[in-house]
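Chemist: For reference, the chains in residue letters:
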Amino acid sequence: MTFTSPQKIVLEVLYLKTNKNWSDIISTVEFNHTGELLATGDKGGRVVIFQREPESKNEPYNQGEYNVYSTFQSHEPEFDYLKSLEIEEKINKIKWLPQQNAAHSLLSTNDKTIKLWKVTERDKRPEGYNLKDEEGKLKDLSTVTSLQVPVLKPMDLMVEVTPRRIFANGHTYHVNSISVNSDCETYMSADDLRINLWHLAITDRSFNIVDIKPANMEDLTEVITASEFHPHHCNLFVYSSSKGSLRLCDMRASALCDKHSKLFEEPEDPSNRSFFSEIISSVSDVKFSHSGRYMLTRDYLTVKVWDLNMETKPIETYQVHDYLRSKLCSLYENDCIFDKFECAWNGSDSVIMTGAYNNFFRMFDRNTKRDVTLEASRESSKPRAILKPRRVCVGGKRRKDDISVDSLDFTKKILHTAWHPTENIIAIAATNNLYIFQDKVNSEMH
Amino acid sequence: MGEEEGLHQTQLLDTMFVRGLKRKCFDGEEDIEGTLAGFKAIPSYNLQRQSLLDMSLVKLQLCHMLVEPNLCRSVLIANTVRQIQEEMTQDGTWQMINTQSAGQTSLDRLVSTDILCRSSKEQAEGKLVPVYSTFTKDCEGTQSQDNSEIMSTVTSPQVPKNLQSNMWEMENPQENRGNFQKSLDQIFETLENKSPNTVEDLFSEVDNSYYDLDTVLTGMMSNTKMGHCDLETFPSQTSTNSKSNCKSDLNELDHIVEILVES
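From first to last, the protein sequence lines stand for chains A and B. Take 1 as the starting number for the first sequence in the UniProt record's numbering and just add one per residue. Take 1 as the starting number for the second sequence in the UniProt record's numbering and just add one per residue.
A hint or two may mislead.
[Said to hold, decoys possible] With beta-carbon atoms standing in for the labels, derived distance ranges:
| id | chain 1 | residue 1 | chain 2 | residue 2 | range |
| --- | --- | --- | --- | --- | --- |
| 1 | A | 397 | B | 90 | 38 to 48 Å |
| 2 | B | 86 | A | 377 | 16 to 26 Å |
| 3 | B | 47 | A | 212 | 34 to 44 Å |
| 4 | B | 90 | A | 168 | 20 to 30 Å |
Honestly, the hints are just simulated from the structure, not real lab data. Every residue gets a Cβ at the ideal spot worked out from N, C-alpha and C, and that includes glycine.
When you get a sec, could you build the whole thing from the sequences and use the hints?
Modeler: Pasting the structure below:
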C-alpha cells in the first residue's frame, strides 16, 4: 500500500530524554493506566519512572512534559551456578498495576525473576517529638517540661520505591511477557515454553496454566513468544507462537490450558513461500485492543488486526516494511530477522503503531487506511519541531529526502513503543534514547 | 570466510531466494538457471541452498559462553535447517552433494550435512540433532539431556561413504535410541546403587551393538570438559581422528572407572 496524500497524523516533539551510557539501552516502555506515569526499563536492570507535569496556566509551554520521577535498580545480574550461566539483569517487561490507593505499583521482570515494586510519595514529615530532638537524638528527659503533639510539616517531595514481592524460581526458560489480570489479584508470566499464573500476594508458588514443552526436547519446534490477559474478561488470555499462531485460552475450561479455546492462524501464502516463511511469521508481540474485541499482532514484516470472532484470518494486515522481503537472507545472516518488534494501539483503537529500522516507526490509521513513517532521531527532534514524514524508496523515482533501502541503518531499531492510554502521546525507545511525542493538531482521539 | 565475501554472497542469495521461491519444484532448477542466464555469476539454487544450510548450522553452533542462548531463535533456525534438509532429500540432491565431496578437506561439510542424513524412514519423523542440550539442563530433563549431549559429541572413526551409513545415533530407528538410553539408564541406576560389583553391573547389560562404551564415556568426558558448548567444538572433533581422542581420554576413563568402583 502506498499513500501519497497528506498525512492526517501530525506529531510535534514535546520532550526529549537521553541517556549516554551503553548499558542504558532501553528494553521496555510502559505508560500506567492514567498516563500520568511512564516507566522505562533498561539493559542494566534499572527502571526510570517519568511523571507528567500537571498543566498549569502559568507555564503553558511546560504542560504535559514528562520529567524524571524516580530511578531505581530493579534487577541485578545473577549467576546460575547449576547451569554455569549468567542471568541478565535486563528488564524485559514492566507492567503497572491498576492504582488502588495513593501508592503506585508495578511489576518488572528480567529473564527469570518478577518483582513487585511499590512507589510511594512522601511530602510531609512529623515534627515535634517528645523523646527525640530534630536530629533524632534522644532528649535529656530532665529538660522535658511539657508534652507536645507531633505535627506533620511539609517537606521536599521524596519518592520511595520498595520491593514488595519477589516472584522467583518460577521459570526455567526466559520470561518474555507478564500481564496483569483484570481481577487485579493475579497476573501471568510467560516464558518460551510455559505460562504461570501468580497471585500478587503469594510468592512461593505459582500455577502452571500452559505447558508446551515436549517430552523430548528434540521434538521442540514451536515456542511461546508473547502473551496477554484479556482487558475485561479475567478468564481469557492469548498467547502467540513462533509459528505465527495465536491461541485464546479460557481458564474456566480446564486447569491446564494446553487446549486452546480458539486458534487464530492465517494460512500461508503459497506464492510468498520461502525458507524464511516461518521465521517471518513468528509473532513478536500481541496486544488486545482497549475494547477487548480485537487483537493486534506483529510479525517481522506486518502488523495484523484480528477479530476475536474470526479465527481463520486477520481482518486487517498492514505492511510495515515490505521492501525487506527481498533482503531476508541478509537479515537472516546478521540476525536482524530475529528482532522482536512491539506494537501498540491508541486509546480509541483507531490507530496502531509499531517500530522499524533506521529509527523509523510507523502508524496506521485503521479508518482512513492512511499510514505514515516517522523518524525518532536527534537531528529531527528539536523541541516543538513537527515531525516530517519519511519515505523509503525501493527503486524507480526517488524524491528528495527519501532513503533508499540499502542505506537503512539496521542497528538503529525501534523495538519498544508505547501509546498513552487516552491521549495522543507516544513514547519511543531508540536504543538508549527515549523520545516522547505529542500530537499537536488533535489533543483528543481521532 | 571474509565478512565482505559473505555479505556479497548473501546479497546474491537474496536475489536467488526471491526468485527461487516461486519455483520450488523438483524441476525448478532448470527454470531458475534458464531465467537467470542473463545474470553474471549467480550461483545455482542448490549451491545457495547449501550456503543457507551451512550458515544456519554455524548459527546453531555458536553459543554464548556466559548467557543462555535465545531458545526462540534456536528453534527457528533449527526448523529452517530441517526444512532445507527435507527439500534436499526430496530433490535427491542429497545424494549429489555426498558423492561430489570427497576427501578430508570437505569432511566438515560432509559432517555438517550428515547431521541431517536420514534414512527415508526417519525423514517423516524429522528428528534433529539435539541442539537444545543447553536448554534441557533443568532438573527434570537431566537424564535425557545427558543422552542428548553424549549423542551430539560421539563420533565414529570412519568417514561414511554411503549416505545411509550411520554416523550419528540420531539416524537409527527409534528402538536403537531406546536401547542406548536404556544402557545409560542402567549406568546411572547402578551408580546410585553403589554396590561393590558396580563395574561389572555397568558393563554387563550394556548393548554393545551400536556403540563402544569407550566411545560413550569418551563422549561424556569431553562433554564435561567443554561445558555447554558441545556443538561449538563438534566440527573440530569430527575432523580429527576419534581414535586419538579415545587414547587421550583413556586416562580419564580409568579415573572414572576408579570413581565408579569406589562408589
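Chemist: All the hints need checking, so say for each whether the structure fits it.
Modeler: Hints, one by one, checked against the model:
1. Hint check: residue 397 of chain A to residue 90 of chain B, Cβ distance near 43 Å, so the stated range 38 to 48 Å holds.
2. A beta carbon spacing of about 44 Å between residue 86 of chain B and residue 377 of chain A contradicts the range 16 to 26 Å that was offered as a hint.
3. In this structure the supplied range 34 to 44 Å holds for residue 47 of chain B paired with residue 212 of chain A, their Cβ-Cβ distance being about 37 Å.
4. Range check, residue 90 of chain B to residue 168 of chain A: about 48 Å between beta-carbon atoms, so the 20 to 30 Å window is missed.
In summary, the structure is inconsistent with hints 2 and 4 from the numbered list given earlier, while agreeing with the others.
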